[in-house]
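**Q** Read off the chains here:
There are 2 protein chains.
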Amino acid sequence: MTGTKKDNYYAILMAGGVGSRFWPSSKASNPKQFIDILGVGETLFQTTFKRLSGLIPAENIYVLTNKKYVDMIKEQIPHIKDEQIVPEPEMRNTAPSILLGALKIYKKNPNSLIVVAPSDHWIKEEADFMDAIQSAFDYAEEDDRLITLGIQPSSPNTGYGYIKYDKDAGEPLRKVERFTEKPGLKKAEKFLEEGNYVWNAGIFIWSTKFIVASFKEHLPEMYSLFEKGDEMWNKKEEKAFLEEYYTQAANISIDYGIMEKSDSVFVIPVSFSWSDLGTWSSVQNELPQDENGNTAINSRLVVQQADNNIISTSNKKIVVLKGLSDYIIVEDKDVLMIVPKSDEQEIKEIREKVMKEFGEDLG
Amino acid sequence: MTGTKKDNYYAILMAGGVGSRFWPSSKASNPKQFIDILGVGETLFQTTFKRLSGLIPAENIYVLTNKKYVDMIKEQIPHIKDEQIVPEPEMRNTAPSILLGALKIYKKNPNSLIVVAPSDHWIKEEADFMDAIQSAFDYAEEDDRLITLGIQPSSPNTGYGYIKYDKDAGEPLRKVERFTEKPGLKKAEKFLEEGNYVWNAGIFIWSTKFIVASFKEHLPEMYSLFEKGDEMWNKKEEKAFLEEYYTQAANISIDYGIMEKSDSVFVIPVSFSWSDLGTWSSVQNELPQDENGNTAINSRLVVQQADNNIISTSNKKIVVLKGLSDYIIVEDKDVLMIVPKSDEQEIKEIREKVMKEFGEDLG
Chain A
1 MTGTKKDNYY AILMAGGVGS RFWPSSKASN PKQFIDILGV GETLFQTTFK RLSGLIPAEN
61 IYVLTNKKYV DMIKEQIPHI KDEQIVPEPE MRNTAPSILL GALKIYKKNP NSLIVVAPSD
121 HWIKEEADFM DAIQSAFDYA EEDDRLITLG IQPSSPNTGY GYIKYDKDAG EPLRKVERFT
181 EKPGLKKAEK FLEEGNYVWN AGIFIWSTKF IVASFKEHLP EMYSLFEKGD EMWNKKEEKA
241 FLEEYYTQAA NISIDYGIME KSDSVFVIPV SFSWSDLGTW SSVQNELPQD ENGNTAINSR
301 LVVQQADNNI ISTSNKKIVV LKGLSDYIIV EDKDVLMIVP KSDEQEIKEI REKVMKEFGE
361 DLG
Chain B
1 MTGTKKDNYY AILMAGGVGS RFWPSSKASN PKQFIDILGV GETLFQTTFK RLSGLIPAEN
61 IYVLTNKKYV DMIKEQIPHI KDEQIVPEPE MRNTAPSILL GALKIYKKNP NSLIVVAPSD
121 HWIKEEADFM DAIQSAFDYA EEDDRLITLG IQPSSPNTGY GYIKYDKDAG EPLRKVERFT
181 EKPGLKKAEK FLEEGNYVWN AGIFIWSTKF IVASFKEHLP EMYSLFEKGD EMWNKKEEKA
241 FLEEYYTQAA NISIDYGIME KSDSVFVIPV SFSWSDLGTW SSVQNELPQD ENGNTAINSR
301 LVVQQADNNI ISTSNKKIVV LKGLSDYIIV EDKDVLMIVP KSDEQEIKEI REKVMKEFGE
361 DLG
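These protein sequence lines are chains A and B, in that order. Read the first sequence against my numbering and you will find it ends at 363, with the numbers running on by one and no gaps. Read the second sequence against my numbering and you will find it ends at 363, with the numbers running on by one and no gaps.
If you're looking for bench data, these hints aren't it; they were derived computationally from the structure. Do not take every clue at face value.
Which copy? The list can't say, so a pair holds if one copy fits it or any two copies do.
[As the list claims (entries may be wrong)] Straight-line alpha carbon distances no greater than 25 Å define the calculated SDA-like cross-link-like pairs of lysine to any residue that follow:
(1) 107 <-> 152
(2) 50 <-> 83
(3) 333 <-> 350
(4) 316 <-> 353
(5) 348 <-> 304
(6) 239 <-> 302
Since the model is a prediction, treat every value here as computed from it, not as a measurement.
Could you put the whole structure together from the sequences, leaning on the hints where they help?
**A** Here is the structure:
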């Protein structure tokens with residue numbers, strides 16, 4: 001790889017979500033990607049930024065985010081430049097975010113290649129991840145391809161979308177046959193048996209030129225809307241333009257808007273350990289447990305007859321548990337929540353309820 | 001009652017304990033009597049001081065306490081004078097505290113009458129309490145008597161000591177036959193059946209002269225030890241004297257040292273609602289509960305399928321509980337404790353364990 005080649009590598013980091021399944025640790029004012037949800041000493045966003053910096057020049061990493069998180073990002077990545085942070089006037093789904101990022105990058109470097117990645121996921125084998133991205137960049141440079149990394153499933157997880165690829169052609173670059181929604185357990189088990197299904201991790205690689213062209217082909221309205229800003233990208237006029245037009249963009253995902261429509265979609269199956277850290281249980285899966293199966297995050301635990309709990313506190317609190325098993329116990333400065341692990345999908349609703357009763361700022 | 005008569009009324013408020021059954025809300029640095037354990041807007045100490053002030057001139061209320069609580073007392077009762085706070089150099093049981101208080105008061109006013117009362121109990125009908133104290137003062141002035149208030153038991157509580165009185169003589173002033181330790185349930189039920197047993201609330205009334213004489217008779221060694229300080233009471237030399245001699249005093253209770261030995265012990269059975277607030281459950285008994293039997297102290301509760309819990313937080317925290325019943329949930333800035341109500345007697349040991357593991361200052 002030459003220095004020049006690397007200069008063409010760009011990233012779009014998606015960092016606008018709230019992560020409300022991790023409430024009250026994660027909240028609109030302090031979302032999942034910007035907190036140290038694993039208790040490892042850095043936030044998911046910091047880890048993700050650092051990981052991508054291994055391959056991509058740090059100044060080429062763009063962060064698509066909500067405007068209220070700009071200061072938080074500067075605090076967490078002190079050397080980041082203002083121009084790398086792209087605040088969306090209002091939260092939209094992934095398609096408009098990615099188009100916005102791509103158009104800005106295209107203006108800077110029309111020969112660029114982009115990896116799009118969420119900023120709140122967990123990856124264990126970072127070197128394998130880097131190799132996969134490098135390989136994907138090479139394939140994307142070689143030809144007009146929309147490439148995604150597909151995680152080799154380790155279980156029939158019903159919390160992930162699956163990508164089906166053509167098992168008869170290409171290796172490692174597989175032609176995608178179909179994107180699927182989160183399946184039921186039976187269906188997921190069948191997917192694993194068939195062998196040519198991988199998890200959709202929301203990691204995409206393409207040349208800037210081709211993703212822009214794909215928007216023009218598959219989401220022409222959105223493309224036209226953004227085309228109006230062509231003279232403003234990366235200039236101070238950009239902000240006013242976005243304020244006026246961004247919210248008019250259709251609120252759809254890149255999967256639905258582009259990936260499911262294009263004929264040039266490929267997947268590279270990868271086998272590194274990955275998690276979207278979608279729930280407290282999935283966080284627990286990636287962290288050590290004590291001999292009773294309890295996981296303490298930012299907490300000091302004292303347990304008696306207490307098994308398989310997940311405990312997270314705001315400030316290294318001492319947590320004494322007796323006779324309590326399979327609970328999620330989360331404390332922050334305003335809220336203490338104790339719910340069974342089996343009800344972790346209800347945390348979003350609980351958050352809504354508390355916000356309604358006690359104030360929006362609590363969510 | 002004449003003004004002069006009231007000037008002879010004094011109180012000794014016992015305020016040196018730690019209340020470790022309420023850990024982590026109560027701790028050595030901030031004990032039960034000095035916190036708003038009921039969440040009513042004032043501390044038990046403030047409530048007790050205020051209650052006694054209704055009958056006893058505020059400047060005649062002496063507070064026997066640990067030296068580390070002096071500042072806390074001044075903060076909670078701003079108009080209290082330094083001379084009313086008697087810091088013990090080291091925590092002892094009730095007998096030496098009471099003798100010390102009595103000797104100081106005797107020096108000020110040899111015709112005084114004293115009520116000794118704990119500062120961390122709960123009394124509902126304050127007027128009835130005052131009437132009982134007034135009546136006891138009258139009996140104590142009339143003759144050499146050691147008088148105690150005995151609470152008419154509302155249940156065969158095994159957490160209290162009982163006082164047996166002679167049912168054939170005197171009303172309302174009953175001659176005490178025997179002080180008993182905390183009984184087992186069967187025994188307590190028998191006590192209630194027999195009808196002449198009342199709870200020992202640790203509230204004593206006597207003339208200063210007679211309690212001092214009783215110490216001389218029944219605890220002559222302790223009396224001799226304190227006699228050495230006779231020239232120093234209420235003077236600045238008192239402090240040095242106590243530093244040297246106080247810890248030499250036998251560490252015994254007034255019940256054991258005096259009340260069980262004297263022939264002049266009487267009880268006035270009273271029927272006001274009283275609790276020693278000895279455990280979280282007994283605190284819950286005196287507080288409102290929601291429709292599911294949950295009691296929130298200094299907390300805002302959101303519950304689903306959660307019954308009969310007691311919740312106390314440090315700062316009006318929102319507490320979300322799901323699928324959790326009969327627990328004690330206590331949070332302070334350093335510690336969160338979740339234990340079944342049935343294990344509330346173990347909180348003392350849990351406190352010891354945490355102090356050993358994480359530092360004495362946490363207890």
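**Q** Could you check the structure against the hints above and give me the numbers of any it violates, in ascending order?
**A** Violated: hints 1 and 6.
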